Amino acid sequence: MLAIVGTVPDKDFPITHGELSLDGDLLKISSSYIHVNRGTSALMAAAAVTADMLGTQAPYGFLVGDIGHGKGSRDLYSYLTEHIHEFELDTLTFHYLQPIAHWHDRVLGAVMGLRSKPVLIADAGFMYAAKMSGSARSYDLFTPDLGELAFLADESSPHPFYTRGFILHDENKAPDLIKRAYNHGNAANNLLVKGRHDYVVHKGKIAATVSTPSVEALEAIGGTGDTITGIVSALISAGYEIPEAAGTAAYANRLAGEYADPSPATSVFEIISCIPRALDEILGKDGSVTKGVIHHA
Amino acid sequence: MSVASFFRSRRSKKDIPRDVDSGILIFDTTSEVISAEKVLKENGWQIRVMGPPPEVQTGCDLVIEFPHMEELDILRTLREAGVSPKEVVPVSSPLLRPVDLFNIKDFGGHLMVRAANMKITVDKKSLAIVNISGGGCPDVPYLASEMTGKNLFQAPSPNDIGHTLCAYALQLAYEEIMKRCSQ
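Those protein sequences? They're chains E and V, same order as listed.
Sequential numbering from 661 applies to the first sequence in our numbering.
Sequential numbering from 49 applies to the second sequence in our numbering.
Same shape as in the complex, but just chain E (with noise of 0.2 angstroms):
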């Protein structure tokens, strides 16, 4: 099973378990609904939309309310390390959290003991401290932006807002970044940076780009990199290889965005609509990528 870990913006929502489903354009977990925008609604319904795509398990999210205090992220830490032993995980992916180094270690060292170890998946707060943390290497795919790209580059850097200016992203230096980032061991396994051109990376070397569809609306709205995170990680649960899933991801969210014909003032709600359409353009009857703008290097 799929699990997402994350946060919402209100900080009375309680610590919350359960399926994840669309209802309409609320997101469904347990017996509480919630408004689709950016963040982890967003990766939580673009994995849901994918799994009932693909007729796979509906992913399982963990939630708990945060605006920034921290105190929502330290209690989902503290309940994930007592608990995540309960849960049958083929993959694991986690989000908008309070980046604490410490409570990353714990709730890592907590999956890490595992009888079976989950694939691991890291974006935003919770990439930012396992990052810090030096345990990049544990996880199995990091989906940076170009700019988390050049914060994961920078060794010297706790936090993308201190990412040094010659570091900082071009986009014409991203092999570079991507190089940088696993000589100074703070890459995972694989990554997905997503930029204008997005890069699928297996162990240093870069396995495939997707540069078409090119939709330059969609750097402005906010949730579009959370739904790729949400496709990859519901397809490699579905058992896709990671760069596969990777490249087929970044694929199918140029294709919704596409679709969406968006603005930079377009909801992402409305690019997430588009994803069942986009993956049944690219996944054949079999389920095999049959079309797409991968190019393997």
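Keep in mind the hints are simulated off the structure, nothing from the lab.
Keep in mind the model is a prediction, meaning the values are calculated, not measured.
Below, computed lysine-lysine pairings styled on BS3-like, alpha-carbon distance capped at 25 angstroms:
hint, chain 1, residue 1, chain 2, residue 2
1, V, Lys86, V, Lys227
2, E, Lys865, E, Lys833
3, E, Lys671, V, Lys198
4, V, Lys153, E, Lys833
5, V, Lys227, V, Lys153
6, E, Lys731, V, Lys134
7, V, Lys198, V, Lys227
8, V, Lys172, V, Lys198
9, V, Lys173, V, Lys227
Could you slot chain V onto chain E? The hints should help.
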């Protein structure tokens, strides 16, 4: 003083001289740092918001660098304002400088400004904030829900309602886009 003007002026002669011993004020949360920064600057202290040295980093931190010889007066000012630090330590290694580069993108009808990992986009005609994206701290979705749809000059500022480094970065982008939309 605004955050952006702080960055603009930080290389001025009024800055903390390099040969003066510095200390750092450590707080429990980034929102306390933002409050303390406001109090100290309103009282005329020459301080800088910086990244903490490795030995005190926890993950999402800012510290305030100040001239060590002014410690007692600064602590008194903060105590009276109700924002005392949890710890005061001397600077023993180079502090991290926050990002101060902006990336501007003009979509025609919309303008986007990025600072560090945070982006804000406005409708150039109505000045409505149409999207906020980027970041990884949990107040980003909260900031987006509170600010999106509102007029740029009437929306709450990230410094007033945010609590993390991502909020601090968004504040920089917010001030930059306000400056550009005022021209």
